[in-house]
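Chemist: All chains, please: the whole structure from these sequences, using the hints.
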Amino acid sequence: MDTDDEPSSSSSAAAAAEAEAEAIRAEPPRIRRLEEAVVNRIAAGEVIQRPASAVKELVENSLDAAASSVSVVVKDGGLKLIQVSDNGHGIRYEDLSILCERHTTSKLSAFEDLQTIKSMGFRGEALASMTYVGHVTVTTITEGQLHGYRVSYRDGVMEHEPKPCAAVKGTQIMVGSFS
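In UniProt numbering, the protein residues as written are 1 to 179.
Wrong hints could be hidden among the right ones.
As the list claims (entries may be wrong) - With a straight-line Cα cutoff of 25 Å, these simulated DMTMM-like cross-link-like pairs (lysine to aspartate or glutamate) come out:
#1 Lys80 / Glu101
#2 Lys56 / Asp95
#3 Lys169 / Glu94
#4 Lys169 / Glu60
#5 Lys56 / Glu125
#6 Lys163 / Glu94
#7 Lys80 / Asp155
Stated by the list, open to error - Per label pair, the in silico range of CB-to-CB distance:
#8 Thr137 / Ala26: 49 to 57 Å
#9 Lys80 / Glu101: 19 to 27 Å
#10 Leu146 / Ser97: 15 to 23 Å
#11 Gly77 / Lys163: 27 to 35 Å
#12 Glu94 / Gly176: 22 to 30 Å
#13 Glu143 / Arg50: 29 to 37 Å
#14 Arg92 / Ala26: 52 to 60 Å
#15 His103 / Val168: 24 to 32 Å
#16 Ser97 / Glu20: 45 to 53 Å
Worth flagging that the hints you see were computed from the coordinates, not collected in a lab. All of these numbers come straight from a predicted model, not from anything done at the bench. Note that the Cβ used here is the ideal one computed from N, Cα and C, for glycine as well.
Modeler: Pasting the structure below:
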């Protein structure tokens, strides 16, 4: 058996790799615009890196809402469910439609506000990010309302009109069905 006449599998693999490398050098890859859904999921990973990050953001929102009591429930280390409830000032009905959109916040309205901001959160990224990695349900009532409202969000968008419901003062946010 003469092995000098047959190319070895390692030399053919090396030749294929060299041909592929040559093709890459010859023509640079195209630059493409990422789909918005991909961009939003990448951005969500920057803000909400793990379940503990989501809990931190939600608790900070509760404290910014002047809550004196905050309750946290997690299932499977926050991989199945994160629920944060507070007795803070709640969220106005008219704000629910944009609550989970990116860059929406009650903490500032102009760049100059950054000099005097005292709240923990202010960028309007956390809730939106959570909607890109899971399903978010908000139940809230403000002082003086006869009933609260419940609404769900996915991918930064309100899934349905807020529905009247029984609620105690403050806000409850549940994040689940992680993707």
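Chemist: Compare the structure with each hint and give your call.
Modeler: Hint-by-hint comparison with the structure:
Restraint check: the Cα-Cα separation between Lys80 and Glu101 comes to about 23 Å, which is no more than 25 Å; the hinted pair holds. For the given pair, Lys56 sits about 22 Å from Asp95 by alpha-carbon distance, which is consistent with the 25 Å threshold. The straight-line distance between the Cα atoms of Lys169 and Glu94 is roughly 17 Å, inside the 25 Å bound, and the hint therefore holds. Restraint check: the Cα-Cα separation between Lys169 and Glu60 comes to about 17 Å, which is no more than 25 Å; the hinted pair holds.
At most 25 Å may separate the alpha-carbon atoms for a hinted pair to count; Lys56 and Glu125 meet this at roughly 13 Å. For the proposed pair Lys163 and Glu94, the alpha carbon gap of about 13 Å is at most 25 Å, so the pair holds. The hinted pair formed by Lys80 and Asp155 meets the criterion: a straight-line CA distance of about 18 Å does not exceed 25 Å. Separation of Thr137 from Ala26 is about 52 Å and conforms to the stated range, judged on CB atoms against 49 to 57 Å.
Lys80 and Glu101 have their C-beta atoms about 26 Å apart, which keeps the hinted 19 to 27 Å range intact. A beta carbon spacing of about 20 Å between Leu146 and Ser97 agrees with the range 15 to 23 Å that was offered as a hint. At about 30 Å, the beta-carbon gap between Gly77 and Lys163 stays in the expected band of 27 to 35 Å. The hinted range of 22 to 30 Å is satisfied by Glu94 and Gly176, whose Cβ atoms lie roughly 26 Å apart.
Distance hint check for Glu143 and Arg50: the Cβ-Cβ separation is about 34 Å, which falls inside the suggested range of 29 to 37 Å. Taking 52 to 60 Å as the suggested C-beta distance range, the pair Arg92 and Ala26 conforms, at roughly 59 Å. Between His103 and Val168, the C-beta spacing of about 30 Å keeps the proposed range 24 to 32 Å intact. Separation of Ser97 from Glu20 is about 51 Å and conforms to the stated range, judged on CB atoms against 45 to 53 Å.
In this structure, every one of the numbered hints holds.
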